[in-house]
Every structure is written in C-alpha cells, then in structure tokens.
Amino acid sequence: MKNLNDEELMILVSNGNLDMMSVLFDRYHIKIFNFLFKMTRDKEVSQDITQEVFYKAIKYRASYKKGKFSSWIYTIARNIFTDYYQRQKNKDERFDTIEYKIEQKEPDQMDIKETNEELKRALNQLSNVDRELVIMNRYQGIKYQEIAEITGSTAGAVKTKVHRAIHKLKDHYLQNI
Amino acid sequence: MDCNHIKDQLIDYIDGNLDHETHQKFDAHLQSCKNCSTDLQELQTVFEAVDSDPIQFPDKSLQINFEQMLAKEKELNNDQKVIVMNKKSKGSWKIALQIAATIALVISGYFYGKHENTTSFSQEMAVLEKEKKQMKQTMTISLIENESASKRLQAVNYAEEFEKPGNDILNALINKMHFDDHINVRLAAAEALAKFSDNEIVRKALINALDKEQDPGMQIELIQILVSIQEKRAIPSMEKLLQNEETPDYVKDQVKIGLPSLI
Numbered sequence: 001m002k003n004l005n006d007e008e009l010m011i012l013v014s015n016g017n018l019d020m021m022s023v024l025f026d027r028y029h030i031k032i033f034n035f036l037f038k039m040t041r042d043k044e045v046s047q048d049i050t051q052e053v054f055y056k057a058i059k060y061r062a063s064y065k066k067g068k069f070s071s072w073i074y075t076i077a078r079n080i081f082t083d084y085y086q087r088q089k090n091k092d093e094r095f096d097t098i099e100y101k102i103e104q105k106e107p108d109q110m111d112i113k114e115t116n117e118e119l120k121r122a123l124n125q126l127s128n129v130d131r132e133l134v135i136m137n138r139y140q141g142i143k144y145q146e147i148a149e150i151t152g153s154t155a156g157a158v159k160t161k162v163h164r165a166i167h168k169l170k171d172h173y174l175q176n177i
Numbered sequence: 001m002d003c004n005h006i007k008d009q010l011i012d013y014i015d016g017n018l019d020h021e022t023h024q025k026f027d028a029h030l031q032s033c034k035n036c037s038t039d040l041q042e043l044q045t046v047f048e049a050v051d052s053d054p055i056q057f058p059d060k061s062l063q064i065n066f067e068q069m070l071a072k073e074k075e076l077n078n079d080q081k082v083i084v085m086n087k088k089s090k091g092s093w094k095i096a097l098q099i100a101a102t103i104a105l106v107i108s109g110y111f112y113g114k115h116e117n118t119t120s121f122s123q124e125m126a127v128l129e130k131e132k133k134q135m136k137q138t139m140t141i142s143l144i145e146n147e148s149a150s151k152r153l154q155a156v157n158y159a160e161e162f163e164k165p166g167n168d169i170l171n172a173l174i175n176k177m178h179f180d181d182h183i184n185v186r187l188a189a190a191e192a193l194a195k196f197s198d199n200e201i202v203r204k205a206l207i208n209a210l211d212k213e214q215d216p217g218m219q220i221e222l223i224q225i226l227v228s229i230q231e232k233r234a235i236p237s238m239e240k241l242l243q244n245e246e247t248p249d250y251v252k253d254q255v256k257i258g259l260p261s262l263i
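Here the protein sequences line up with chains A and B, keeping their order.
Sequence positions in the first sequence follow the UniProt record's numbering and run 1 to 177.
Sequence positions in the second sequence follow the UniProt record's numbering and run 1 to 263.
Each hint should be verified, as a subset may be incorrect.
What the hints assert, rightly or not - Only pairs whose alpha carbons sit at most 27 Å apart, straight line, appear in this in silico DSS-like list of lysine-lysine:
1. A:Lys66 / A:Lys56
2. B:Lys34 / A:Lys159
3. B:Lys7 / A:Lys65
4. B:Lys7 / A:Lys168
5. B:Lys34 / B:Lys7
6. B:Lys256 / B:Lys212
Unchecked claim - Label-pair distances were calculated between CB atoms; the ranges are:
7. A:Arg27 / B:Thr22: 31 to 37 Å
8. A:Asn15 / B:Thr119: 56 to 62 Å
9. B:His5 / A:Lys143: 21 to 27 Å
10. A:Ile30 / B:Lys7: 45 to 51 Å
11. B:Gly16 / A:Arg164: 17 to 23 Å
12. A:Lys143 / B:Glu48: 17 to 23 Å
13. A:Leu4 / B:Gln24: 40 to 46 Å
14. B:Trp93 / A:Ile30: 49 to 55 Å
Since the hints were made in silico from the structure, they are not lab data.
Here the structure is a predicted model, which means the values were calculated and not measured.
Built from N, CA and C at the ideal position, the CB exists for glycine as well.
Pulled out of the complex, with its shape left as it was, chain A reads as follows:
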C-alpha cells in the first residue's frame, strides 16, 4: 500500500477504504501543518486546522475527482484557513481586546525554534495573498502550475505574482536586518 501514489490511495479512500487515509496523513500532515503555521503563527490553531483538513478530506472523499491529490488537499486547507481567518476578523471587530491577546500570546511562541526573527517579521509584513504565495512556492516547494490549480489561476499569472512577492519579501527582510 505504501508503494501506491497519492492519487491511487485517494481513489481507494473515496471508494470506502478509509484506512488508506492514514498513509496520506503520514505523507502530508507535517507539510500542511507547516503551511498553516507560517500563515497563522499559531501552533494550536494550525494543529486544529490540520485536523479539520483531514476530517474534511474523509467527509468529502466522494468529491475527489482524480486530480492531483496535493492540489486537492491544499485547496481544502486554504478554504478552512480562509474561513478561520474570516472568523478571526469578525471577532477582532467585536472584541477590541484581541490586540492585547495577541501581544500576550507572543511570549508563548518563543519556545518554538525560530532562527530568523527578521524573516518572520518580513513575512508578516506581506499581505495575506503575497505571504501565501511565498509560503507555497518557497517554503512548500509547490510548482507554479500547481499553485495555479489550487488558487484557480494560470501558471503564468502565478509566476509573476510569486516573483513580485519575493521581491517584496526581500525588501522587507533587508530593511529589518
């Protein structure tokens, strides 16, 4: 079973062999977690969302249509993250205390190994869209074509946007040093 590729495994899952999902979980959960962690900077939230990603992958296994599995699972991750982000934004509007909470949270994150604070700050200075593109392309190593599939765009447009985002990151980073 370990010899099967992602797509073959997912077809088995969608046909009701749910055990195969644990193989896909082993292959993807760290990547998905890191993607979310870079986006949210919150370990707890990233773990919860990662959990939800695989829950939804099982729930909506029938909707998997033989495309690239990684594109499909990242699409799910992005959707859940967007929902989460929207909820957070609504919460922020309702509670002014959120700023205080974030500041309170900062020291908790210190235990996570972050060799490069400047890079972290530079990433946070990017817009959500730019940050996501940089993370997917430079951190996750996802090709332009696949990012286009995930975000519903074309490879050419994605490449241009990614390059622009990288230059922005570079500028922020160099200012921070």
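Place chain B on chain A using the hints.
Positioned in the frame of chain A, the structure of chain B alone reads:
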C-alpha cells in the same frame, strides 16, 4: 541584455529554470554589472534564510486525534452502509412489482394449464368417442352374421343407433332385411333402414324388398315405411300387391290406406 530584463528573471536564474544559453548570458552580465550582482546576492540571502527556516513539528496529539477521528468515521461508514441498504428497501414498489409479477405468472399458469387440460381432455374424449364408434361398427357387423337370431336382432338395434352409418353397415342391414330367415330380424332391419331413408341405396332396397317380400307382417311394415317417406316409385309394387290374389286382405287394406297419400 538590459538590467530590467535581468532583474525580472533573476529568480528563474537562481532556480535554474533558464536554458543553458540564457544562463551563460546571465553569468556574463552579472560579472560585469555590479547593480545586478547585488540584487542577486540579496535574493540569495533571503532564499538561504527561507531554506534554513526549520520545519515545525506538530504535537503527538495531532496524530492521535486523527486516528480517533478515522476510527469514528470508519464506524460511521459502516453504519451508513446499513442505512444505504435500508434505503434500498425503501424502493418497495420494486418488490411489490415483483410480487405482482409472481402472482400474475401463477394465475396465468393456472389458466393456461386449465385451458391446455380441457383441450387435451376433449381431444381425448373425441378419440375415445371415435374408438367407441368403430368398436360398435365392428361389433355390429360381426354380430349381424351371428347364428343366434336374438344376437342378430341386437346387432340391428345397434346399427339403428348410428347417426351416419357407413356403407358396410347399411349393406349389412339391407342384406338382413332381404334374406334373414327370421321375420323379427327382417322387421327390425326394415325399421332401422327407415331411419336412413335419405340414402338412395336404402330407398331402392326398401322398394325392392316390398316387391319380393312374402310375409304379410313384413309387407305391412314396408308399406308403412314407404308411405311415410313418400316414395312414389313404390306405387307399382303396391298395385301389384292389390292385384295379387294371394295377398291377404289386411295387407290390401293397408295399401288402400297408404296409396292415396302417395298419388
């Protein structure tokens, strides 16, 4: 190759996405252009920082929670399979249709069998009836030649029962009427033949018999039969009987009664 062009493709240059020729042109330009080589260094610094960013690992709880969730979903999946089965039974009209089809099949089978039975039964009856007739005919013919007068009489009575007797039966009866030694057999044969008077052979035989018959009882019987079947060809025979002195008076009386209705 201008610097703007280089800047646009610097990331592709670092990633090694350029073809060999373009790559060499970049190498040449970067060696000579300080501005562009600075840009390259800056980008490389960022990429190095990104690449050296350590991978984060989630808590063990993520794996455990996933396994629990998977187990729950598997259970649900099995339950759903049961539900799906139940849903199938919801299409009970299908079963109803199957039952209806079965009933229809049984009923049609019953009627078909019944019909088939009656036809074969009536066929059997017809065959039996035919066999019975043939038996009777054979019996009649064989009995009619019997030595015993009573048996011959019985045979003549049998022959009378036939609706459409064959020529062999009629010939046997005519023969009996003409030549049987016993008056009762001759009488019975004449009586039987009267029933088949539609047949020309029978009519001629009856006329012939009146011509030849000496027994007064038989003569009276024949006169009655010929009058009742309105056989005009018998008139000469009857007139002959009137002229014959040997003819008993009561026979002549019978002719006198019958003749007017024929003429």
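*asked:* Could you work out which of the previously given hints the structure breaks and list their numbers from low to high?
replied: 3, 10
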